[in-house]
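Given chain P, put chains B, V and H in place with the hints provided.
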Amino acid sequence: MRNVITYVIAFLFILTLNFLLPRMLPGDPLMAIYGNEALIAMTPELKAHLVERFALDQPLWQQFGAYLLALVQGDLGHSYYYNSPVSSIVLGRLPWTLLLVGTALIISTLSGIVLGIESGWRRGSRRDKSLLTSLMAVSGFPDFFLGILLLIGFSVTWKIFPLSGAITPYSGLSGAALVLDVLHHLFLPATALTLSYIGASYLLTRNTMVTVLKNPYILMAKAKGLPDRVVRYQHAGRNALLPVITQTGIQLGRMVTGALFVEIVFAYPGLGYLTYEALLARDYPVLQGVLLIVAVSVLIANFLVDLSYSKLDPRIRYAH
Amino acid sequence: MHINPKQEIRHSKFAMFGIGMLLFLLIIAIFGPLLTPYQPNSQTPFAFESPSFNHWLGTNHVGQDILSQLIYGARTSLLVGFLTALLATILSAIIGTSTALAGGLYDKIVMRIVDAFIVIPAIIVIILVAAYLKPNLLVLILLLALLGWQGGARTIRAQALSLKEMGHISAARSFGASNLYIIFRHILPDLVPILLMGFIYGVRRAVFMEAGLAFLGIADPTTVSWGMMMHEALDFCYLNVWRWWLIPPGVALSLTILSVTGIGHTLEGALDPRLRREANA
Amino acid sequence: MPQLKTRMPFRKTLFIILPLALVCCLLVIFYGGRGQPSESTSYTIADSMGDWGYPSPYTHYSRGPGYVRMSLIFETLVWKDDSDFVPALAKDWEYIEAENAYIFELHDDVTWHDGTNFTAEDVAFTFEYTKQHPYQWVDSSLVESAEATDEYTVKLYLSQPYAPFFQDVVGTQPIIPKHIWQYVTEPEKFTDAQAVIGTGPYTLADYSQEHGTYLYNAYSDYYLGKPAVDELKFVKISEAMIPSALEQGLVNAGDVPPEIVSELEEAGLTIITAPHAWNAKLMINHQKEPLSSKQFRQALAYAIDREELVQITQRGHALAGSPGMMPPTSDWYYPDTPQYEYDPARAKQLLEGLNYTLENDYFTKDGEELELELIAAAEFEEVGQFVKDQLEAAGIKIDFSTLEAKTVDAKVEAWDFDLSIYGHGGLYEPSVLHKVIVEKSFNSARYDSNQTLSQLLEAQLSEMDAEERKELVWQIQEIYAEDLPALTLYYPHWYWAHDGSVSLYYTMDGMASGIPIPLNRLAFVK
Amino acid sequence: MLKLEALEVSYGEKKILNGIDLELKDGESLAVIGESGAGKTTLALSLMRLVDGSVKGKILFNGLDLLSLPEEAINELRGNRIAWAPQNSNNTLNPVHTILNQVAESITEHKLKNRREAGKQASILLSSFGIPVNRFSAYPHQLSGGEQQRVLLAIASANQPELLILDEPISSLDAPARAEVIELLKHTNQDCSFIVTTHDISTAAKLADKVAILYAGRIVELGLSGEVLSRPRHPYTRGLIRCYPDMTTGKDLQGIKGVMDRSVNGCSFHPRCTQAIEICRKEIPPLRLIQGRHIACHRGGIIPLLSTKNLSKRFDSLLAVDAVKITIEGGETLALVGESGSGKTTLAKLIMGLIEPTEGEIYLEDSLVSNRGKDFYRQVQMIFQNPGESLSHRLSVLELVRESLDIQEIGARDERDRLVRQVLREVELPDSEAFLNEYPHHLSAGEMQRVTIARALVLEPRLLIADEPVAFLDSSLQAKILKLLLKLQEQRGLSLLFITHDIAVARKISDRIAVMKDGKIVEQGPATKIITSPGHAYTRKLSQAALDLSLED
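Here the protein sequences line up with chains P, B, V and H, keeping their order.
Taking our numbering, I'd label the letters of the first sequence as residues 496 to 815.
Taking our numbering, I'd label the letters of the second sequence as residues 21 to 301.
Taking our numbering, I'd label the letters of the third sequence as residues 2 to 527.
Taking our numbering, I'd label the letters of the fourth sequence as residues 215 to 767.
Honestly, the hints are just simulated from the structure, not real lab data.
Treat the hints loosely; a few may be bogus.
[Stated by the list, open to error] Below, simulated DSS-like cross-link-like pairs (lysine-lysine); rule was C-alpha separation at most 30 Å, straight line:
| # | chain 1 | residue 1 | chain 2 | residue 2 |
| --- | --- | --- | --- | --- |
| 1 | P | Lys-709 | P | Lys-624 |
| 2 | H | Lys-743 | H | Lys-523 |
| 3 | H | Lys-270 | B | Lys-33 |
| 4 | H | Lys-400 | H | Lys-325 |
| 5 | P | Lys-709 | H | Lys-563 |
| 6 | P | Lys-624 | B | Lys-33 |
| 7 | P | Lys-709 | H | Lys-523 |
| 8 | P | Lys-806 | H | Lys-334 |
| 9 | P | Lys-806 | B | Lys-184 |
| 10 | V | Lys-527 | V | Lys-132 |
| 11 | H | Lys-325 | P | Lys-709 |
| 12 | H | Lys-327 | P | Lys-806 |
| 13 | H | Lys-588 | P | Lys-709 |
| 14 | P | Lys-624 | H | Lys-228 |
| 15 | H | Lys-523 | H | Lys-496 |
| 16 | B | Lys-128 | P | Lys-806 |
| 17 | P | Lys-654 | V | Lys-227 |
| 18 | P | Lys-624 | H | Lys-270 |
| 19 | P | Lys-709 | B | Lys-128 |
| 20 | V | Lys-527 | V | Lys-227 |
| 21 | V | Lys-132 | V | Lys-156 |
| 22 | V | Lys-295 | V | Lys-436 |
| 23 | H | Lys-400 | H | Lys-239 |
[To be verified] Chain H side only, calculated, beta carbon under 10 Å to chain P, not exhaustive:
| # | residue |
| --- | --- |
| 24 | Asp-235 |
| 25 | Leu-264 |
| 26 | Leu-283 |
| 27 | Glu-285 |
| 28 | Glu-286 |
| 29 | His-355 |
[To be verified] Output of the computed footprint for chain B on chain V, the stretches with three or more beta carbons under 8 Å from beta carbons of chain B:
| # | stretch |
| --- | --- |
| 30 | 240–250 |
| 31 | 255–267 |
| 32 | 299–313 |
| 33 | 380–386 |
Ideal placement from N, C-alpha and C gives every residue a C-beta, glycine not left out.
Isolated chain P (complex conformation):
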């Protein structure tokens, strides 16, 4: 069990990194803001105006302090590129990443658990072997490569799925049709993510199952005359679940970074794609904001998982 201090340290580390990095760079921040093409068209007075507006002439430590203060007030800074608060940009993108990561996390964890239980139940059987081989093979594919394959195959070549984005813009759809449209766009990116990450929860469940099945309570459950399925899921599966749940937090962290790549491939308007755009536009405030939000979300998710773990395992719940 990690405790709160762990999370505080992690949080402080991320904050410090966020502040230190930009300071280490040479160059004129204005250039990063508007890019070289636009700067050609700019007049010197406009430049001066902009420098003043973004307080870019202040010493770095003052920007640093201001950033901290702003952070406390929920202000993640101002995107020079988007010309709007970073927090609002990030919040606009967040739901899509949540949708994508959430869907993939739920599907991959659930199916990973089910497949892991089935596989671990009869270790060494043909079913186990074929599951193990195929899932290991699939998880060997980097998420972005899987995404590219799916995109080229299903969208470009067979034209079954849309080429990019999260919805068909201005299609005039509503209600169920809109939901289907969203799912239609979600399908490939979510599949790529799911396939990349199903292996981890599968393997963990399977290995835990193997261990759990050696416990005498499994024999006991069988001796009660319970049907196979009940023994497999209620007795073995329920116990095998615990380590998988602990892993979910870490898995979420991995998946968020996976989503970053997948979103880029599918131009899915989530935080990952925003990161990519920010990288291209050298919009460091957005980059920092996104990474801060993502890192903090992962921290929070881990923290929640830690909490829920104690709810799930009575041995921990009553330990103190």
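Here is chains B, V and H on its own, set in the frame of chain P:
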């Protein structure tokens, strides 16, 4: 507990495949310059050529031979993978054993930090740093290693703690052995299988991350790597060139990761006594 | 009595979820819905970046596509079509040389989108307002003052004679409604519906930053008549997917990479080619030995085969650079610009003339090997590699590294480099020459050691006579090519593809002050 | 109701159970006893059809062949008509479900579909097994080991099974609780048949009508529990009982030599058996009914090694040995107890043929001993009362010990020396050159006695007659020599005829005691019985004397 990783690996098809594949890649990486008739960076006016006898995998958008790039990419991937994993493993071994043996405040503080790093998604930090610093290969390796030792240190510490309680170490202590002596003579040798596994997974992680960063386009662009090739090829995926430009590095990358996973999985199975098969009466 | 817990909801839930998920998948897969066919005409434009900011003058991003999205709503006094300046809000104009002022006759039937009448007051207000709040694309100091002489007449006094006044000022400055903006003190933060009330043919119906989409509706009271296209959409599609989207009919227009052009043409799409207004340059640190020598710079020009460079790095999809910077396709191009045809022998001669001797493939001077540092951003990696190869073949050792673009900018600005590769656009109107040759901007050559050149650059800006000005510009190109403070390497071909339902065209000298995008609002009106 | 026919269970090559035949009638209880690894748990689990290995043979439960039933049908039986209660260990109960749920689950699966009702019934059951009400919603880890065991028993009893299999059911309970739980089990499951597997003989004795002794996957002895436990007939059973600490015997715990090895040919016990013969190495003995007991032994159980019939010796008017009939069984220690002059030594000498009997016969393994050749003395050896006397002062230790080998002409010189050294080590003497060249008068009393023991043992006899071997030694040496003898018996499977006047010593080392008075055996029987309930007044007197003596010291 005596484990013979050699034997475990020899009995697993997965692991044998992994080792075979890695050896193959290693040979290709080492002898790459002898194998390729082209410099991977040399531009020619023959862009987007389809695979032919001269260019087995065709050429890319600036007329570079894709096969040569693929072969040089193996160098990058393996170099990053092995060096990073080596550094991270050494770090984790040092920190893991020292905290286990020293205990006390040192242990507490270091483990807190380790825990904190475990929950931080490393690639996010790396992207942020890489976005600012545009690291070259060496810096990237250092960066990956610095963010990659924490999990290993935890495992090793746990293992070292249990080893520490074992009889032969108490015996050595009772003869007045120093911590260093105990680490090198007793604990490290017993940790070899775990270190090996940490190393293997470290390789996988590093290969994966290097490819990911290159794919994002925030790695050193002068270094040929599979991720970079895919990054470049993706911009041209409206052409048919992806078949021999995008797929081969992707497959090579996947095979590398897969083979490393195979070895790791087998080792893990061998290391965890609970996972080993045994008939129980 | 303790409660008995219900057994394992997990498994049962799973058995419900899984089939449900399967059904959903099938639905999603067979769902081919791409929106219902609508009666009104709709036009969709693909864009790989998507978001270019809220399309008000003060919130659109400062790149061309941002201006384009704004220009559908806000109009200028004059505008351009594919061949000439055309009336916009002003139906006629006159230059009064004595006062150095322009008088603009305005249309009297123009209304703002909120129904208010458009008058000369709005124009005068706009130019006053930009004094406090400069519009990012226009140098507000060029207009001394603006005066509404009557309801539909406005007089603009220039602070100095300025040749590209139409191009850079009145053809670029969007006119904003006084009745709204007079109360706006922080225009950069003004993003409500009022901020997008203009006089243009389209009104903004929706803007989504995260999806990078814009939806415009035709303004039915537009003074030139209701636009032909009822609905205009900008959607985000990644660069590599735009060709597929065009082929699949998901979008009507979009910019496409050169390699796919012939394939798209075969698929029945119309291809339009942009004028060559963008160039990649070899930046040379002429402040520093040995690059401060003109002969040395000329040797570099002889050593680089720009035709070959285009073939290799641009796969032929570019024009080789002219040392005079203005592209050969431009009206301003000086036909006798010195070309420095590829001639490595000549390059060696020149270097030997500078007391360099060739030893073991590379030149040395006083026992020291000649080595130059070449830096470039990653996007110029291939070009940099090519330049390195060619210069090394000519005996000049090159240490080439790619750096983060921002770092390159910083090093160039601090003169902390030998050679660098850089690019910029705007090669329509010769005023750009002043900006990129003598001004202190970071991608300018900042070359002020040739007095004649500097004077010529100033003179062409204020020469209001077109023929006289052309003469000056020709001289500039000749001297520039002779001195070579920087060397233009190539002008890339840019293409747009569209389905022909609207006849898109490239605006003369680019939209406004030179945007090379074929989305002139007039194309959608007629 | 339950019948096992040629039940075989194997994991791969390894056979865990090897041809088990058993029958259990309604209401009968059977204890299966064996050391760990004998296959007890496998047997229990195979009755539930819960073993992973391959199972052959037949398990008939009320006529149903369990092995051929489909999975659903067997599930219908499990936990319902046949229930199993394992020994409580870590995680026998599922850690993530409450104990009430775990009991109720069994009920809902089979009898009551209504959860509420089942919960109620489970609560009643838990209460009756002594779990406090406030613990019902507890998770297993919150209970003590004893409570967990009770929960396990409650689960097994949940559906009033017809057959209850208890796998080491109560070893984790403390003694008072055991008795209570056994009572409870019997009460809760009236008319139920039990199979109890245990290594705990007293549990078996209390719970079961019959016992089956399991060795290496085979039943070696089967009979009524009282009989088998008091008079084991298979060498293994005897060994097992010898190992078992018990309040009533005084004899030191003794093991069985070697360890269980399933892979041997023939009778799997033969490497550890003291009476193994050629056939034992080759053929597997079937379980046969021999004199009212099922025994699997080629030799028909423990054989008499040496017996006398009507053996008498008259010295003039004195009838020193009067029609003595004793039997020394293979591997056992028979203590011959009596006052000096009771004829003990005479009897020993008669057996050794040092004096001729007046009347009667001596049999060595059923064959009449008439002419004692070298062959006899290789099998029967004796240690004399006074080691000083029995060792020639002219011979060195080496020569002394080698003497018998020389006489028997065993092996070459080198071989003999090697055997000498080996046996000296066995009796815990040094085998150094220096010691080998010592002469008896340089040795201490204890050393001398060890030399005599070594000399007797070097021939590897099967019966060792020890005539007051410790009488001349002080008490600390006594203890050492006695321990040595017991150790040698365990290792070599020696039979011992231990002659002593001290019943306390006899009690310490013997399986059986024969009491001799005036040349007659007045009483003989299991040591436990002779000590705890002596039948003859003389025996009582001897015990009394021993007790008094110890008090006076």
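For the pair we were handed, Lys-709(P) and Lys-563(H), check the Cα-Cα distance against 30 Å. violated, 62 Å
Mind checking the alpha carbons of Lys-806(P) and Lys-334(H) for me, to see if they're no more than 30 Å apart? Distance of about 26 Å is within 30 Å: holds.
With a cut-off of 30 Å on the C-alpha distance, tell me whether Lys-806(P) and Lys-184(B) pass. Not satisfied, since the Cα-Cα distance of roughly 33 Å exceeds 30 Å.
Quick one, are Lys-527(V) and Lys-227(V) close enough, alpha carbons at most 30 Å? holds, 9 Å
For the pair supplied as a hint, Lys-128(B) and Lys-806(P), is the alpha-carbon distance within the 30 Å limit? holds, 26 Å
Decide if the proposed pair is consistent with the structure: Lys-709(P) and Lys-523(H), CA atoms, cutoff 30 Å inclusive. violated, 59 Å
Check the hint pairing Lys-709(P) with Lys-128(B) against an upper bound of 30 Å on the C-alpha distance. violated, 34 Å
Hint check, Asp-235(H) versus chain P [nearest Cβ-Cβ separation less than 10 Å]: violated, 24 Å
Within a Cα-Cα threshold of 30 Å, do Lys-709(P) and Lys-624(P) meet the stated pairing? Between Lys-709(P) and Lys-624(P) the Cα gap is close to 20 Å, so the pair holds against 30 Å.
Taking 8 Å as the C-beta cutoff, is the stated coverage of the stretch 240–250 of chain V by chain B satisfied by three or more residues? holds (count 6)
The hint names His-355(H) as touching chain P; please verify it with the least Cβ-Cβ distance against 10 Å. Result: holds, 5 Å to nearest chain P Cβ.
For the pair supplied as a hint, Lys-295(V) and Lys-436(V), confirm whether the alpha-carbon distance does not exceed 30 Å. Answer holds: Lys-295(V) to Lys-436(V) is near 21 Å, not above 30 Å.
In this structure, the earlier hints numbered 3, 5, 7, 9, 10, 13, 15, 17, 19, 24 and 26 are contradicted, and the remaining ones agree with it.
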